[in-house]
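Could you slot chain B onto chain A? The hints should help.
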Amino acid sequence: MDLATILSILDATIRLSTPLLLACLAGLYSERAGIFDIGLEGKMLAAAFAAGAVAAVSGSAWLGLLAGMAVSLSTTLLQGAAAITLKGNQLIAGVAINMLAAGMTTFLGQTWFSQGGRTPPLAPGGRFEPITLPFANELAGVPIIGPIYYELISGHYILVYIAFLMVAVTAFVLYRTRFGLRLRAVGENPKAVDTAGISVVKQRYQAIIITGLLCGLAGAYFSIAQGSGFGNNMTAGKGYIALAALIFAKWKPVPAMFTCLLFGFLDALQIRLQGASLAGIEIPVQAIQALPYVLTVVLLAGFIGKAVGPKAGGVPYTKER
Amino acid sequence: MSARRPLPRWADIALLPAINLAMAFLVSGLVVLMVGENPLHAIQVILYGAFGYGEGLGYTLYYATNFIFTGLAVAVAAHAGLFNIGGDGQAYVAGLGAVVVALALDQTHWLLAMPLAVIAAGAVGGFWAFIPGWLQAKRGSHVVITTIMFNFIAAALMVYMVNRVLKPATTMAPESATIAVGGRVPQLRQFFSFFGYSPVNLSIVIAILALIGVYILVWHTKFGYAMRVLGANPTASRYAGISNSKMIMITMTISGALAGMVAINEVMGVQNRLVLDYVAGAGFVGIAVALMGRNHPIGIMLAALLFGALYQGGQELQFVIPGITREMIVVIQALVILFTGAMEGLFRPSLERAFMLFSPEQKTEAIAVSTAKSES
Chain A
0 MDLATILSIL DATIRLSTPL LLACLAGLYS ERAGIFDIGL EGKMLAAAFA
50 AGAVAAVSGS AWLGLLAGMA VSLSTTLLQG AAAITLKGNQ LIAGVAINML
100 AAGMTTFLGQ TWFSQGGRTP PLAPGGRFEP ITLPFANELA GVPIIGPIYY
150 ELISGHYILV YIAFLMVAVT AFVLYRTRFG LRLRAVGENP KAVDTAGISV
200 VKQRYQAIII TGLLCGLAGA YFSIAQGSGF GNNMTAGKGY IALAALIFAK
250 WKPVPAMFTC LLFGFLDALQ IRLQGASLAG IEIPVQAIQA LPYVLTVVLL
300 AGFIGKAVGP KAGGVPYTKE R
Chain B
0 MSARRPLPRW ADIALLPAIN LAMAFLVSGL VVLMVGENPL HAIQVILYGA
50 FGYGEGLGYT LYYATNFIFT GLAVAVAAHA GLFNIGGDGQ AYVAGLGAVV
100 VALALDQTHW LLAMPLAVIA AGAVGGFWAF IPGWLQAKRG SHVVITTIMF
150 NFIAAALMVY MVNRVLKPAT TMAPESATIA VGGRVPQLRQ FFSFFGYSPV
200 NLSIVIAILA LIGVYILVWH TKFGYAMRVL GANPTASRYA GISNSKMIMI
250 TMTISGALAG MVAINEVMGV QNRLVLDYVA GAGFVGIAVA LMGRNHPIGI
300 MLAALLFGAL YQGGQELQFV IPGITREMIV VIQALVILFT GAMEGLFRPS
350 LERAFMLFSP EQKTEAIAVS TAKSES
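In order, the protein sequences belong to chains A and B.
FYI, numbering that gives the first Met the number 0 numbers position 172 of the first sequence as 171, with every residue one higher than the one before it.
FYI, numbering that gives the first Met the number 0 numbers position 81 of the second sequence as 80, with every residue one higher than the one before it.
Derived from the structure by calculation, the hints contain no laboratory data.
Just to be clear, a hint being listed does not mean it is correct.
One-sided and incomplete, this derived list gives chain A residues near chain B with beta-carbon spacing under 7 angstroms [unchecked claim]: (1) Asn88; (2) Ala95; (3) Met98; (4) Ile143; (5) Gln225; (6) Ser227; (7) Tyr239; (8) Pro283; (9) Gln288.
Just so you have them, the derived chain A footprint on chain B, three or more residues with Cβ under 8 angstroms [said to hold, decoys possible]: (10) 56-70; (11) 128-140; (12) 149-161; (13) 282-294; (14) 318-328.
Source: prediction; values computed, not measured.
Even glycine gets a Cβ: it sits at the ideal position worked out from N, Cα and C.
This is chain A alone, in the form it adopts within the complex:
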C-alpha cells in the first residue's frame, strides 16, 4: 500500500467515525448521569430526517442543522419524561424511541415528499461544504506532511471539527467543572447528590439535553453533510455501534474518541476490502462488519479489561419519604 491509499483509508476513517463520535459523546452525558440510553439510534434517525427535510425545503444547511437538533432534543425530552419524571424503564423507553423514529421518518417522508421515504436531493446551499483549512493548498506539495495535512486534516465538514472539539470540551466539562462533578455523582450515587441539596431530576434533565443536542449534530451529519438528503433508515445501526463504542471506551471521553476512530477504521476497511484477501485467505466482509460488536462483547465479558458502567445507571431515582 502506498501513502495515497493509506491516506484515503484514514480520510474515510475520520469521515465515518464522526457521527459515531458525536453519538458516543451524546450517550456519555446521559449514561454518566445514570440514564441508560439505547435510543441513540432513534434520536439520530429523527434528527437526520428533520435536517434533510428542512434543508431541502429551506435550502439552508444551517436551518436544517437547527431543525435536526430541535427534533432530537424533543425526542430526548420525551424519553426523559418517561425515564426520569415517570420513573419508567429506561431501556423500554429507548426501544420505543428507536421504533418511533423508524416509523415516523419513513411515514412522514413518504407523506410529505412521496419519494419512497427519501427527502428531495439538496440544493448546493442545503448541504455543508468541506472546509479547506488555511495553507492546505500551499502545503499540499510538501512531501509527507503536505498530503497528510491536505488530505487528512483539511477538507472535512464543519461537523467533523466540532465532533473532535467536543472530545476536549467533554473531557473538560466532565472532570474540571462543578457541573461535571455533579453529573458523574448523579450517575454513581444520586442519593448523595440529593442529600447535598442538588436536584437529581434537574441534573439528569440537563445531562440528556446535551445528549439530545449532540445526537442532533450526529443525525444532521448523515443527511446534510455526508449524504445529500435523507434516505430510509439512514443511520443503519450506527447508534448501536456508538453505544458499543461507549462501553468499549468505559464511558470516558478520550478513549471514546479512539474507539470511534477504531470502529470507523474497521468500517472504512470493510468498504475498501470488498473481496480482498490477506495472506492468501479471503477475509469475509461480514467478519469485519461484525468485529465492533464482537469486540464489545469480549470486552464486556471481561476478557480484555473490564467495563463497569456508572453504578446508578438504569435505576430511576426515587426520593425516600
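Just chain B now, with coordinates in the frame of chain A:
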C-alpha cells in the same frame, strides 16, 4: 407515597393496559389526522383487512404466530428479571437449524421433518441466547447490551452463511435451495379453503402449544417458581438456595428457543427457503406484545392477535388510503411500547387514587393524603 394502595387485580391486568392502548391509538389517530386523512376510516379499513374475509384473517393469524413466539420469548426472560432484546437475532440464526433439517429431510414427510426442525431451530435459537445468558451469569455483562450486539453479529453471520454456504451455485439471489414439499409445514388452506392464499400454516399449532407450555412452566413447575423468585428478588433466590447463574442461563436458552420458532413459520411455512432478513423486526414486536400482554400467555395471545391484525390491516391500508403507508403500524407499535411500557407511570397513580375514592374504607385515607399534599 406510602398511603397508596395497589390496584385491584382486574384493573391492573385489564383496565390499565386498555387505557394505555387507547392512548397509543389516540396519538396515532392524531398523526393520521395531521397528514390529512380520516383516522376512523383508517380503523375501518384495518379491521376489514384483518378480519373481514378469510384470506385477511389468515394473514392476521400468520403474523400473530410470529408475534406469539417472540412475545413469549420476551415474557419468559422477563419473569426471571431479564430483558431479552435479541429475539430478532435469535429467530434469525434459528433459520439455519430449520433450513438444514428441512433440506435434509425434504424427501420424507413433514411429520418427520417438522418436529426435528423444531428441535434444530430451538437449539440454534436457544444457543444464540445462551451465550448472552452465560456472559451475564458468569461474567456479569449486561444481557441487554450483549443481546443487542448479538442481533448485529447474527445479521452479519447470516449474510455470510446464506451467500457463501447455503446458496446453490445455480441461483443468483441470496437465498438457500428451495425446500421440497416433504420438508414444508402444511398450510391451513390445504384443510380449509376458507383461508384463500394466506400463508397461515401448522406452525400456529406450535404457537398454541408454546402458550400452554409457558403457562405450565412459569406457574406450575418448581423451575418456573424459581424463575419468578429470581425475577422478583435475586438476593432472596440466592439465599433460598437457587443457583441464579444456572437459572439465568437456562431461562435465556428457553427464551431464545421460543424466538427460534419464528424460523419454522417463516422458513418452512412461508418462504420454503432461507432468505435474508426474514424476521423483519418480529423480535421487536415481541417486546410490545409481552409488555401489553403483561407477560401472561393469554395476554400475549391477545396482543399478538392485535399486532397481527395491525400488520395485515396496515398492508391493506396502504392500498386503500395511499396517504398512509404501512410504517404507520411501526409508529403505533412504538407508541404502544411507550405508553404500556415506559410511561406506565402516567396513569397508574391517578387510577390508584380514583380507586381509593371508590372504596369506602380507603376513602378517608385518600382524602387525608390529598389534603396533606395540598397543604404542604
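Against the structure, the hints come out as follows:
1. Asn88: 6 angstroms, holds
2. Ala95: OK, holds: alanine 95(A) within 7 angstroms of chain B, min 4 angstroms.
3. Met98: 4 angstroms, holds
4. Ile143: 37 angstroms, violated
5. Gln225: With Cβ-Cβ at 21 angstroms, over 7 angstroms, it is violated.
6. Ser227: 23 angstroms, violated
7. Tyr239: 6 angstroms, holds
8. Pro283: Holds: closest Cβ of chain B sits about 5 angstroms from proline 283(A), inside 7 angstroms.
9. Gln288: 5 angstroms, holds
10. 56-70: violated (count 0)
11. 128-140: holds (count 4)
12. 149-161: holds (count 7)
13. 282-294: Contact hint for the segment 282-294 of chain B vs chain A: holds, 3 residues under 8 angstroms.
14. 318-328: As far as the segment 318-328 of chain B goes, the hint holds, because 6 residues have Cβ atoms under 8 angstroms from chain A.
Violated hints for the displayed structure, listed by number in ascending order: 4, 5, 6, 10.
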